[in-house]
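**Student:** Chains B and F, in that order, are what the protein sequence lines are. Mapping of the first sequence onto this note's numbering: position 83 corresponds to residue 83, and the numbering continues sequentially without gaps. Add 1000 to the 1-based position in the second sequence for this note's numbering, that's all there is to it.
Among the hints, erroneous ones may be present.
What the hints assert, rightly or not - In silico BS3-like pairs for lysine-lysine, Cα to Cα no more than 27 Å straight-line:
no.	chain 1	residue 1	chain 2	residue 2
1	F	K1463	F	K1490
2	B	K82	F	K1082
3	F	K1122	F	K1371
4	B	K291	B	K417
5	F	K1371	F	K1417
6	F	K1016	B	K82
7	B	K490	B	K463
8	F	K1122	F	K1209
9	F	K1082	B	K122
10	B	K490	B	K530
11	F	K1122	B	K82
12	B	K209	B	K195
13	B	K209	B	K371
14	B	K82	F	K1011
15	B	K122	B	K11
16	F	K1470	F	K1530
17	B	K209	B	K122
18	B	K16	F	K1082
19	F	K1082	B	K11
20	B	K371	B	K122
21	F	K1011	F	K1122
What the hints assert, rightly or not - Some chain B residues close to chain F (C-beta under 10 Å, calculated; not the full set):
no.	residue
22	L86
23	Q334
24	V429
Think of the hints as simulated: they come from the structure by calculation, not from any bench. All residues carry an ideal CB built from backbone N, CA and C; glycine is no exception.
There are 2 protein chains.
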Amino acid sequence: MAKPKKEPRPKAETPKGFRDYFGAEVTTRAAMLNAIAGVYHRYGFDALESSAIETVEALGKFLPDVDRPNEGVFAWQDEDEKWLALRYDLTAPLARVYAQHRNDLPTPYRRYAMGPVWRNEKPGPGRFRQFYQCDADTVGTASMAADAEICAMLADALEEVGIPRGDYVVRVNNRKVLNGVLEVAGLLDPESPDKFVAERGIVLRAIDKLDRLGVEGVAALLGEGRKDASGDFTEGAGLSPGQVDSIIRFVHATQDIAQQVLRATMDKSLSAEIEQTATAESQRFGFSREKFTDAQLLWNKTALNHLGFLAEGSRVGAEGLAELEEIATLLAAQGYGPDRIVIDPSVVRGLGYYTGPVFEAELTFEILDEKGRPRQFGSVAGGGRYDDLVARFTGQQVPAVGVSIGVDRLLAALHAKGKIGSAERGPVVVTVMDRDRMADYQAMVGELRQAGIRAEVYLGNPKNFGNQMKYADRRGSPIAVICGGDEFAKGVVQIKDLILGAQIAENATVEEWKERPSQYEVPRAALVDKVRDILAEQS
Amino acid sequence: MAKPKKEPRPKAETPKGFRDYFGAEVTTRAAMLNAIAGVYHRYGFDALESSAIETVEALGKFLPDVDRPNEGVFAWQDEDEKWLALRYDLTAPLARVYAQHRNDLPTPYRRYAMGPVWRNEKPGPGRFRQFYQCDADTVGTASMAADAEICAMLADALEEVGIPRGDYVVRVNNRKVLNGVLEVAGLLDPESPDKFVAERGIVLRAIDKLDRLGVEGVAALLGEGRKDASGDFTEGAGLSPGQVDSIIRFVHATQDIAQQVLRATMDKSLSAEIEQTATAESQRFGFSREKFTDAQLLWNKTALNHLGFLAEGSRVGAEGLAELEEIATLLAAQGYGPDRIVIDPSVVRGLGYYTGPVFEAELTFEILDEKGRPRQFGSVAGGGRYDDLVARFTGQQVPAVGVSIGVDRLLAALHAKGKIGSAERGPVVVTVMDRDRMADYQAMVGELRQAGIRAEVYLGNPKNFGNQMKYADRRGSPIAVICGGDEFAKGVVQIKDLILGAQIAENATVEEWKERPSQYEVPRAALVDKVRDILAEQS
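For reference, chain B alone in the conformation it holds in the complex:
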């Protein structure tokens, strides 16, 4: 007789590029997002949760003449032939929501959103196809007060989750200043904005490589071209030496500003200017002179001067400078000085996307990289002003500004700073010595839970007591409760301090072991109190 053909068993695995999150991984993220939501809420932002699925049309990925829409998103056809997709960020859905509900929403509309997004991209180490974003945006106002507010809120959010002041800085730049520099260099004609688009593209991509290539490498790419270490040659943009010089001076602006500030604070002859700035700011907004260092007091002023010099003669450049100055003033009025938020031309993020101010939160403490070398932690959040997303739906431009916090990066930073542990404390485990007394063990665990103490009865096979202790160990349990026939007869319980026990087992001499017992016998009625005492000692 032929054997019946068996259905093969399914494989127990996540799809490629996805993973599971366990215990503390879930709860620490939730706690961090909750803390950030509290800050956003205090700033008047309202929660919004849109569904994970949008029409491909609304997301702005247009169908080419093939079976599937663009790479990059997870998409499929609905039963009525409509293409649906999982959201790839939280900004595209916001534009759709605002366009759809704008008559019912307040204007301006301040909203925050947090949740998973999905990218159909090649996964890599630490790069997953589902990850969290945490955004706040203000839609419907061109006021720089909205941009300033979001920078302040970002600083508050970082402090709220445990990044101390001094360990982060929010850097602010303005896309219009860069455009001004490009205009001065002859690479942007305000009368015909479509001219030199290709050249500007090369410039932007070159600037984006600053971290990797350094100033000289970028200069080579802007001019004749660049030969890398392997001898490969990349053709350059062919700009004139004067054009290259203008752009390099912008690329180098942050270092130049730093030098000017340093010189000024060291040069006695300039101390009058510092005093004047300090006096003016402190009078206007009630700061104490001692709040900031001389360098901090001078920084934004120097940066604005220097950028004005680089973009001199460009109307859009001047506009960008005025916006930066307004942001700095509004922030100073709320007490956010350059110790927290600084003007910094080196911020060049999302250049193709933003239309005005751009900003980035950087963590300034050092961590060791995978090769043990110290390096700055780097960026954990960024954002800026964008004006065209809602217009896709309505035809009307709606100015908007927003920020997105990189949830996984910020969590990694908090781990690096020791602000969150990798494992949470497990439950108190009530072990089972006599299967027939399960009701009594349940009564114990019930009392502990009523008292707000995380606790559980061992529910596996109780035969082997060693397995119960191994289970408690795997659970990270702080305490085991033990009660067998003798204890029931005497009306007592044994309470074992597993953390102290582990310490003693590792380090203690026999004498210490005798002096510091890690197991206590207490009357049954004292169970909850004794457990509470031990937990308090442990923490």
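Chain F: place on chain B using the hints.
**Tutor:** Frame of chain B; chain F shown alone:
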């Protein structure tokens, strides 16, 4: 010249069957889930978050020979031809996770999970294709202590979110008892379990219609058949009168138990039995006699007796009874009496799915339905024991028991009980009387936020003051701060109590209006204190 063909604008709308959630809809759900997670955590359950996407294979929907897998899920083909799908519940992913990680997980593994799931089903009023689930399961133990624990945890969770004791009841039944009744009726042969499968199917479907057809309708369907009000005839299962009688006695069991309990509590001759029960229970677990009513004390005892009578002679029935009795004892030991958790044969949920105890949380208070008639709120959670899900992957049976809370139903119940409002309090709005003083307004709002008060500056066009007050109204703002040239000159601010203002505008006489001003002028330095005072008065 032909006009260039324009890309049509995308429609700003969610896909069919999806919706957006705003403000309090998001935060009240998050707060409720957070409270439930706290209870689950206290019981020793660990968080698990698996990704939204699973392989279709792992989810257990098998591909037919067509282009798309079964209806019911959102599924698509990955670039390597693998079918992926959005999870449709949280139990199928748990089985995959446990099979994949079982060597690293504790056994038993207690886990909770909360998040959206997706169903590719026809949407209807109040029925969406994305909704939340909130589950807790214990995998890897056959102990009834796990089932009892989940019932107790469910009761605790309901009280934690705001359903008071007395307004809910967790009903417990056991699938094995029903099998025992079917065995006694000759519809289940333990030696050949595949026999009578069709008949049992008809019986189960008939019992499931009890709510709609009543006992007589079910009896007709089990026997000769049933003619409905329109004259249509449904053929019956053709069971013998004796078989029909056995099953109807089971269907009717809850009412019969209720009558027996009622008789016993009214009948003086039975009061000795009540006293005996009360004394035994209170001695064993330290209850006070007054904790429960006579009816409550008798209920579980009577239910077990009655079910034992109905399933007499069946081994599996006896097993089910023993399990129910064990659950009741374990719960009593933790103080969960029949005021919260009762044995109730009327629970027939998910009959095809569960293998042992099944349970359901019902809210017992009345609400008005859409036609204004009072009706019981009904079920908000359910679960039971299932043993076959992990075996799909590993070939080894792994016993498991779990519960799922209907997040939207429970939220609706909390709304009905007035436990959560439909709108949250908006931010304090600092209005803008003089655009050039924006830095000063920002300073005010900065101080309020530093003091933990939700506040914002009006960021729209400030020209029309009426629009600012309309904005404050739409935001649900409790207070508006007003400061123009006069106020700046005098060093004061105007603080307007918008809630009192609205009350006065609606109800007050002119005298009252004069006596109870809703607007205050205070020194600028007193801004935060005065706002705090007004907020305290309002709440």
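**Student:** Next step is simple, just say for each hint if it's right about the structure.
**Tutor:** Against the structure, the hints come out as follows:
Straight-line distance between C-alpha atoms of K1463(F) and K1490(F) comes to about 23 Å, which keeps the hinted pair within the 27 Å bound. Straight-line distance between C-alpha atoms of K82(B) and K1082(F) comes to about 21 Å, which keeps the hinted pair within the 27 Å bound. With a C-alpha separation of about 25 Å, the suggested pairing of K1122(F) with K1371(F) holds against the 27 Å cut-off. For the hint linking K291(B) to K417(B), the alpha-carbon distance of about 25 Å falls within 27 Å, and the restraint holds.
As the CA atoms of K1371(F) and K1417(F) are separated by approximately 19 Å, the hinted pair is consistent with the 27 Å bound. For the hint pairing K1016(F) with K82(B), the CA-to-CA distance comes to about 10 Å; that is within 27 Å, so the pair holds. For the hint pairing K490(B) with K463(B), the CA-to-CA distance comes to about 23 Å; that is within 27 Å, so the pair holds. Distance check on the hinted pair: K1122(F) and K1209(F) sit about 23 Å apart at the alpha-carbon level, within 27 Å; holds.
A hinted pair counts as satisfied when its Cα atoms are at most 27 Å apart, and K1082(F) with K122(B) qualifies at roughly 15 Å. Among the hinted pairs, K490(B) with K530(B) is consistent with the structure: their alpha-carbon atoms are about 17 Å apart, no more than 27 Å. For the suggested pair K1122(F) and K82(B), the alpha carbons sit about 15 Å apart, so the restraint of at most 27 Å is met. Under the criterion of a C-alpha separation no larger than 27 Å, the hint pairing K209(B) with K195(B) is consistent with the structure, at around 24 Å.
Between K209(B) and K371(B), the direct Cα distance comes to roughly 23 Å. Compliance with the 27 Å bound is thereby established for this hinted pair. Distance check on the hinted pair: K82(B) and K1011(F) sit about 12 Å apart at the alpha-carbon level, within 27 Å; holds. Taking the CA atoms of K122(B) and K11(B), the gap is near 21 Å; set against the 27 Å cutoff, the hint holds. Between K1470(F) and K1530(F) the alpha-carbon distance is near 23 Å, which keeps this suggested pair within the 27 Å criterion.
Between K209(B) and K122(B) the CA atoms are separated by roughly 22 Å; this keeps the pair inside 27 Å, and the hint holds. Of the supplied pair hints, the one linking K16(B) and K1082(F) holds, its CA atoms being roughly 10 Å apart against a limit of 27 Å. Pair hint K1082(F) plus K11(B) holds up; C-alpha atoms about 12 Å apart against a cutoff of 27 Å. A threshold of 27 Å between alpha carbons decides the hint, and for K371(B) with K122(B) the separation of about 25 Å falls inside it, so the pair holds.
For the given pair, K1011(F) sits about 22 Å from K1122(F) by alpha-carbon distance, which is consistent with the 27 Å threshold. Taking 10 Å as the C-beta cut-off, the interface hint given for L86(B) holds, the closest approach to chain F being about 8 Å. A distance limit of 10 Å between C-beta atoms decides the matter here; for Q334(B) the minimum to chain F is near 3 Å, and the interface restraint holds. Evaluation of the V429(B) hint against chain F yields a held restraint, the C-beta minimum of about 8 Å falling below 10 Å.
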